[in-house]
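Position chains D, V and E relative to chain L; hints supplied.
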Amino acid sequence: MQSLLLYLAIGALVGYFLSMINKRLGPIVLLALSLYGLFTLWNMPIGSVEDLFGFEDILQFTALSKYFSIITLIVFSCYAFFNIVWISKAKRPYAFSALSILTLFGTLGVFLTPHLIALYIFWEVAVVASLFIVPMGKEESKKATIWYIVISSIGSYMFLYGTFLLYSKFGTFNLFEISGDIASEGTGFKWLVSLLLLGAGVAKSGIFPLHVWLRNVHGNAPDTFSAVLSGQLVKMGSYIIALFLGAFPIATMFSQFYAGVNIFSYVLIWLGNISILIGTFMAIKQNDMKMLMAYSTVANGGYILIGLALLDQVGFAGGLFHVINHALAATMIFLSFAAVVYRTGTTKIDEMGGLIFKMPVTFVTYLVGIISIAGIPPTSGFVSKWMIFQSLISKGMFVTAMFTFVGSIGSFLYVFRPLAGVFLGQLKRKDKDVKEAPMIMLLPMIILVALTILWGVFPQQVLVWVTDVQRQFGMEPFKFDGTVLYSNLGHWDSWTVFVMFMVGFIIAAVIYILMPKGKKIPLDDQYTSGEFLHNFDLYHYATKYYAFLEREYEGHPSFEDWYTSIVNVLKAIGKGVDYLVRRTASAYTFWMALVLALLLWVRW
Amino acid sequence: MSNIIYYVSFIILGIGIYGIVSQKNLFKQLISLSIIDTAVNIFIVALGYVEWGEAPIYSTITPVANFVDPLPQALVLTAIVIGVGILALGSVLLVHINEKYGSLDPDEIRDTREVVE
Amino acid sequence: MRRVWAILVAGVFLYFLVGQFLPIIPTFGNVDLFARVAFDIINKSTTTNYNAVEFKKSKDLEDGSANVVTSIVVNYRSFDTLGEVSVLFCAAIGVGILASMLKSKKRIEFEEHKVLRISTGIVLPLILLFGAYIFIHGHLSPGGGFPGGTTIALGVLLLMLSNNEFKVTNVAKYVEQSAGAGYVVIGLMGMAIGGVFLMNFLPTGVVGNLFSAGVVPIVYTFIGFKVGAELSNVISDLREG
Amino acid sequence: MIALLIAVPLVFAFASIPHERLGRYFLPFVAMFNLVCLFFFMHPEQILEVGKWPAAYGIALVLDNVSYPFLIFVNFLILMMSLSATLENRYGTLLLVLTAAVNGIMLTGDFFNSFVFLEIISVIAYIVAAHKDNALGAFKYLIFGGIGGTMYLLGAVSVYVKSGTLNMAYASFITDPMVVPTICIFFLITFLVELKVLPLGLWAPDVYSNGSSVTPIALGSIVTVSLVYLFSRIFLNIFDLPNPQLVGILAMVSIIFSELGALKQKGLGRALSFATISGVSTVVAALSMRESEITSAAYFYLFNDVVSKFILFTLFAYLGERGFKSNKTAGIAFTFASLSVVGFPMFAGFWAKYYLLKALFQVNSYALPAIILIAAVIEAGYLIKWNVELWYKEEDREKDREDVEAEKAEGVEEVEEVEDFVPFGAQVVTLLLALTLVVVGFMPGLIHDQTMSIANHVLDFRPYLDLILKGGM
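Protein chains in written order, with this note's numbering: chain L, 34 to 637; chain D, 254 to 370; chain V, -15 to 225; chain E, 814 to 1286.
A portion of the hints provided could be inaccurate.
Subject to a maximum C-alpha distance of 20 Å in a straight line, what follows is the list of computed EDC-like cross-link-like pairs (lysine to aspartate or glutamate) [said to hold, decoys possible]:
hint	chain 1	residue 1	chain 2	residue 2
1	L	K202	L	E218
2	E	K1198	L	E173
3	D	K353	V	E224
4	L	K463	L	E384
5	V	K89	E	D1019
6	E	K1198	L	E172
7	V	K151	V	E95
8	L	K381	L	D321
9	E	K1079	E	E1134
10	V	K90	E	E1134
11	V	K89	D	E352
12	L	K318	L	E593
13	V	K90	D	E352
14	E	K945	E	D1019
Chain V regions said to be covered by chain D (calculated; three or more residues, Cβ under 8 Å) [claimed, not checked]:
hint	segment
15	26 to 38
16	83 to 94
17	122 to 135
Simulated from the structure, these hints should not be mistaken for laboratory data. Computed from a prediction, not measured in an experiment: that's the story for all the values here. Yeah, the Cβ is synthetic: ideal placement off N, Cα and C, and Gly gets one too.
Isolated chain L (complex conformation):
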């Protein structure tokens, strides 16, 4: 592990200088490094301990590390592969490549160490490295960076504060050493520490109330980097949540509240519920496809949080499984968006249409991605959602189940919007000459599609990793046998379902091919009978696609505005300070007298 991290650190420099020779070498370095990492970590035995730069036993390879590292490395290899071509559109290719490698270094480091300070260091490395990639995107991305750094800092400083609180009590930074003793501490301390430590996870994985940065950052970051942000960096937050919920004896630390779920988990579950609600409804509203997927990430973060917070045999496994699903799906979707933007140059849904004829492979990638996000078999997305539902229902948590259900329905709605607006419908005239994305871009997308379907049909491999994690945290592992998954309420055979789906699909395909085709009319004809149009976009049918739904929650309170107004209040106070500064020395003398009076009044 040490050597891998070392290679990555050096790789960042090497990548920077190689990029100067040829832009494409940067992503190639990243690809080589992630493949190497994938190979090493896949074969590494769980439980190995290593030193890092002379600090003893800092690195510890747990089952959770393995699971998250493999997700990370898959996402990064696809991203690097995709970038080999895409890099020609990057604004600052050298820095882009180097910082990407550094991001990988940081995130891998986070997964590999249980030492809280080392974890914090790697965490911040990842944040800083990704921080400077974000403003390479669209014009608003500079502002988005501020959102990113501020919310991320709030999270990580909460984490740091909690870390030091633990240190002052237990005298060590090693998480696993702390977790044994924490149950005996006072209630207030336990609440404070747990909330502070999870703060980083909440901020990073976009859980309410710290979800506001996702729309700005994912929506405005460079196109391919959004895939890493949503598919990978957000998962760092999930890792923190999983790590603390798993390592701390949460069940014994807090009192039981409802249906065998303790009060702390219950709070988290409600945060998850609200995230799902906000994410879903806001995603339905978006016209920018990247921002839409950003809100979808919020909703899926909520799913993961609910699953993990349930802390039982099925739910925890479901939450972990959902991490890999969402990572793959989000990467797929954002990469297909990147391919679309690479060819058309816009992210607005109502400025596109009919790209299915020009970019069929990209379309298929997106389709499989949204199927997985919406949780339809035979993709892996279904498996994890099934597990979370099973756990919720078996505990009788019907309100939460309802929220998750609404989220699922909502996800059908919002993923359909780009599908219909971008790929279906009629081709825009300006897009006449659009071609399919280059082969090198398609390859990683195809690999991701294959993985999603493979793990949807044969989830054993992932479930082995997941149950390893559960075993290591002393939970009862999830039961499965081949492709058959068991829960207390029943079981599920993904192979059977896959066969049934394939049969249905083939029947539908045959019907589609045999049936007569409809006739094509230019889009504007449908509305205006051939009249001259001033603004085609207004008549694009993706414009106000869900107007009937959006009307229902129009004028809703916005957290973004709320936070902005907090900042404005702070700025107003700052203006007051500035006003004082601009006074003359007379006024300063008044302050001197005040301090003097204070010193006299408060006796020593």
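Same frame as chain L, now just chains D, V and E:
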């Protein structure tokens, strides 16, 4: 009542503070600062007074030591020179301010500055 | 309102000084000199045993100046004086810099008056002589380098008032340079001879004689020249703009 | 021997009077000379009684384990500044005197002597503050600093009245619980003014933001370090800080409000000035705890803050808000420095925060860490905003340039070409300092060992007293 010289110097110091706070004209503020300096110097010299002591110089009148404390006087000597330096510097700064804003009244200066900003 | 504030602010300071500070200092005139280092300084016995000092009689004491304040300023606490010189030096440079940065280079002109001009010719040498007297006799009588230098600068000011063409030339700067450096060099000579910076390495002679007190008169002479040149420069800078 | 640190700069300062530009050429050599002397010929634990007068009567210069590292650091900063700053005529002479004064204030063991050096520093500060036509700010500072200086003088004199001598070590024999706090209040007011803790540090933003490459560095870095030294000498070593809780609270309020003030600013210069206030306030808040680990961490924090602000202010002076497109090295130094200020890992700033938080939590102090972290969030917000804005500015600039060229083509000659020129010296210095931050970020022990030793010595009064008594009696 023997401490009256202390009270006098404190009152002068108070006058200086009052001047700095109440006066708008920057030059008057500088003069007030100078008044504070003077008050402190009076106070320090007073601290060294010994009853029936004489000026600390060996001379034909006072061939043998019966002196007041000479050290505060030496300190005041230094403090005075420092005060002079600050006074000179402050007045040149005021010349600058007057040249730039055309006034020594902070209110008027603020007006001109806000127009500029 | 402003005045009320001012009274309140001044009141806080006064309350602190009267209520908090006054109780801890001795009442006026009621000073126990034996408890202070000043006692040994007056009797010039900081390194030797106590011996009453007598005017024109005691000789070869550790410090030879009859004016005890001078002996403190230029001998016991000479390092402070070096700093003091630097303060004035910096202030003079600052005035020079700031005056040279003024945009309107308007020279202040005075109305020349014949009486003044002629009488200046008579008085000026006397003023300069008096200034020199003050700093040369700094160790014997009240006075010293700073008043002496100021007196010299006053002479220059008189010259300026009486004669519009008069300008302080670069000579003043060279005087300032060599006098200032001279002071430090005296200190360094003390270091070379006695091993300690600013040591009095000359014989101290009999208390009350002109040629006594070792380096004190020399240092005061340097200071006198330096202060005179510096203040002349300040005046000239302010005038020339 | 140690008097040379003061005498040599002064001689060169006096010698450089007639030739206006001479001072600036002397400055680097003098700073270098001081450093060489400190490294090779002077070692801690020595005392020099100026003029061979015993310590209680005359003035003693003390080089002990506290002042030695501080002296090296300050002279190093002076060397760096002499290479990076654009010194206009005669400022070199002033800075030579400043060198003498900061060395003096750190060596002296005498209250009145420290007052004299404080006043030299103040006078130079007023002049330097007026750089770039900023007379109003300088005047405000002059009035305010003048009152502060008077307070210090009253404090020094009352020390003499109560203990009969002005020597710091002897003064510590005053133990009367009525007297010490009153004396300390005098000193405290001065320090709160000069160290810019907020209600009394209101002068600072106007002074620092004048866009000069000298003012904020000479005052914000060099003078601040020497005054922090004097603060810890007086309040940690000789007397007790009066009312430490109140001082701590004032400093905490100062941290928060200065960060808010910085958040509001539209200009980089003023934002950085407010950030400086916050940095020093953090140090004061930490020092008011009087605990060795915290004190050590406070010095580490000071080191990081001073070095980073040095870089930031220097680059701001040369580049203004013009972006880093043609100045990549400058940009890298700027980014490193701002990351270090905020406290991101792998820079010195991280370790400063780490040690500080660790030490604070060890004594169960929870408010200050929270405030430091909240301040860091705000700081991250605006500093990163500036970084991003300056790095990714090229589009607008290219547009500007096109406009300029277009206007030139049309024959409009008056358009000034914006020069993004950072002098070679400044580039080297900022890059070097930025690399220092990185190196310290990887090897915090380099600085931490030093600060630990300073902290242990400064909180232990005995060695200082022994040193002076051995020489004195």
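A quick look at each hint next to the structure:
1. L:K202 - L:E218: holds (9 Å)
2. E:K1198 - L:E173: holds (12 Å)
3. D:K353 - V:E224: holds (18 Å)
4. L:K463 - L:E384: With Cα atoms ~10 Å apart, K463 of chain L and E384 of chain L stay inside 20 Å; holds.
5. V:K89 - E:D1019: Outside the cut-off at roughly 27 Å; violated.
6. E:K1198 - L:E172: holds (14 Å)
7. V:K151 - V:E95: With a Cα-Cα distance of about 16 Å, the restraint between K151 of chain V and E95 of chain V holds, given a limit of 20 Å.
8. L:K381 - L:D321: holds (5 Å)
9. E:K1079 - E:E1134: It holds: about 11 Å lies between the C-alpha atoms, which stays within 20 Å.
10. V:K90 - E:E1134: Distance ~36 Å between K90 of chain V and E1134 of chain E Cα, so the pair is violated.
11. V:K89 - D:E352: holds (11 Å)
12. L:K318 - L:E593: holds (15 Å)
13. V:K90 - D:E352: With Cα atoms ~12 Å apart, K90 of chain V and E352 of chain D stay inside 20 Å; holds.
14. E:K945 - E:D1019: It holds: about 12 Å lies between the C-alpha atoms, which stays within 20 Å.
15. 26 to 38: holds (count 5)
16. 83 to 94: It holds: at least three residues are needed, and the segment 83 to 94 of chain V offers 5 whose Cβ sits within less than 8 Å of chain D.
17. 122 to 135: holds (count 5)
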